[in-house]
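Just so you know, the protein sequences line up as chains A and B, in that order. For the first sequence, my numbering gives the first residue as 1, with consecutive numbering after it. For the second sequence, my numbering gives the first residue as 1001, with consecutive numbering after it.
The hints are simulated quantities; they were obtained by calculation from the structure and are not laboratory data. Check the hints yourself; a few may be wrong.
What the hints assert, rightly or not - Covered stretches of chain A (in silico footprint by chain B; criterion: 3 or more residues with CB under 8 Å from a CB of chain B, positions within the stretch not fixed):
#1 183-193
#2 280-288
Claimed, not checked - What follows is a set of in silico ranges between Cβ atoms, one per label pair, in the way DEER data are often shown:
#3 S319/A with S1127/B: 53 to 61 Å
#4 G233/A with E1185/B: 54 to 62 Å
#5 R55/A with R1279/B: 38 to 46 Å
Stated by the list, open to error - Which chain A residues stay away from chain B? Per the calculated CB distances, all over 10 Å, these:
#6 R85
#7 V131
#8 V156
#9 V316
Just so it is clear, CB atoms sit at the ideal spot from N, CA and C, and this is done for glycine as well.
There are 2 protein chains.
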Amino acid sequence: MSGADEFELIAALASRLDPAQDGLGIGDDAAAWSPTPGALVVATTDMLVEGVHFRLEWTSPRDLGWKSLAVNLSDLAAMGATPGRALISVALLPGQTRLVEEMYEGLSDLARLTGTRVVGGDTVRTSGPLVVNVALIGEAAPDRLLRRDCAAPGEVLVLTGEVGASAAGLALLLEGDRDRLGRPETAPLLTAHHRPMPRLAAGQAIAAMGLRCAIDVSDGVASEAGHLAVASGVAITLEIDRLPLHPAAVALFGEAEARRLALSGGEDYELLFTVPDGRLAEVTAALGGQVRATVVGRVVGLRPGGRVDLLSDGRVIESGQPGYLAF
Amino acid sequence: MSGADEFELIAALASRLDPAQDGLGIGDDAAAWSPTPGALVVATTDMLVEGVHFRLEWTSPRDLGWKSLAVNLSDLAAMGATPGRALISVALLPGQTRLVEEMYEGLSDLARLTGTRVVGGDTVRTSGPLVVNVALIGEAAPDRLLRRDCAAPGEVLVLTGEVGASAAGLALLLEGDRDRLGRPETAPLLTAHHRPMPRLAAGQAIAAMGLRCAIDVSDGVASEAGHLAVASGVAITLEIDRLPLHPAAVALFGEAEARRLALSGGEDYELLFTVPDGRLAEVTAALGGQVRATVVGRVVGLRPGGRVDLLSDGRVIESGQPGYLAF
């Protein structure tokens, strides 16, 4: 056993350890529980490892700090929660003090913008790659928690913002062509990759409207649609021609490649959520002021185990169990 | 700048990032805040790195899991808090799946014993040493939080349990003498090092009695007395002849070396707390049923910046600013 399977096994084991009877959202973007009636605590954690999740040649320490908090905030956004207190752990080599100070500054930039307070942490030595762990604790209204296990037939699938930009930025970095990297039109793609802006306000607005089902796009859109389908036990059609592709990704890579990056690349940190058909106008109006909302698919029926069909031009171009799609 | 200074600088920076106006316990064993009136959330995090905090040649995966949770639980114990929900992050090499599964089992053993629920986490790949981060969230009664900044003149300094065992266990491991390691009298020392039992019940009892000031002994007793002195701005005398040394540490290393290990070795995870002189009998009676409580010193006066004097046989054998003691 190796690769993703190995890690999924461990994640499954961890989540089975001692499921909280009063817990919500186990296996969701974040864990949630009620310490007292009327209060709902939401908590999440993400660990970033140098060489696996970031490269110091590509990422400034300040951007690393921003992103390490952003990925956690995005999990809270997907639950409709508000930040929050953060605990930051860092394992660093001797000599990386200044680097870590700059990292904290970038983290602090996003903390201030989002009302997150850094209340503690741990700073330890290592002999290996830099490791940053953020644990983030937020709150949600008890009857307003967004989950991934409640998509229902008759709902449409809606995506915030634009997708493909972060994966396009990563593709440029992997390509390593300094001329292309220096061109002004690449800047939004690199920013999308290095300094994603979690959709906290959109998540809270979605929750406040009484919608129930959302996930953040940390993997590609196809994969996240698959997570919704599996958790909810539904079949989803994803109309790939309707994906709101980032124009800079289309300009630099062409539409087909930009679509592939959006479907399978990930790290866009947009929200993918479901809306009863009749409430679509209300939702787009409510979100319209702050973020574009695009219908990208539909929940077509119950389907134990989940299923996602990718549609292009009205035809199914690929379908199957989530996790096995070529995209 | 190198060594401890470097890390203290970063820790100080992190804690200054954006101090919460409604926060308590910044710079304490754990952070605490009130999400709603009448509720107090307490949170802490610790990161353990292979080769720095543990060695896989010495520590079984099961013990590693136990200890990674125990050190966090001890921080909650020192605040008088109850666990709690835990988020576990692990960075592992390919091929370490079974090891990490066993680690989770050890962690789960202690979680069950202490009423801690593992509600989430992150499992990621690394190319370097194994890294385990635990973030732990607990609760405390708002008027019953133990802190390190409120030791007052006229109070005596009390220590739970016995000290020196964990450092003696580590000394045996460093020594690497297989004959000595195999002897039955070393077992309690190795257990103390690998599977410390956080003093949660004692911490809660101390808090319930209305006492206010405590710290856990993660560093040596002299160092922890120093932390209390600095945070509270008091002078403390520590009567080193009164330290409750673990008998196995004395038997194997002699009394003088066992005392040195207790003062400077650390990782005993006992509680060091202060008691108004007149309430000592009440406290020892209340704790007597579950844990030994020994008077080891006294808060002798106010002292901005803090001070600790080590006393032996009634004479000061060493004194000065905490952090500069040879012990």
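Going down the list of hints, with the structure as the test:
no.: 1; hint: 183-193; result: violated (count 0)
no.: 2; hint: 280-288; result: violated (count 0)
no.: 3; hint: S319/A with S1127/B: 53 to 61 Å; result: violated (37 Å)
no.: 4; hint: G233/A with E1185/B: 54 to 62 Å; result: holds (58 Å)
no.: 5; hint: R55/A with R1279/B: 38 to 46 Å; result: violated (58 Å)
no.: 6; hint: R85; result: violated (6 Å)
no.: 7; hint: V131; result: violated (5 Å)
no.: 8; hint: V156; result: holds (29 Å)
no.: 9; hint: V316; result: holds (34 Å)
In this structure, the earlier hints numbered 1, 2, 3, 5, 6 and 7 are contradicted, and the remaining ones agree with it.
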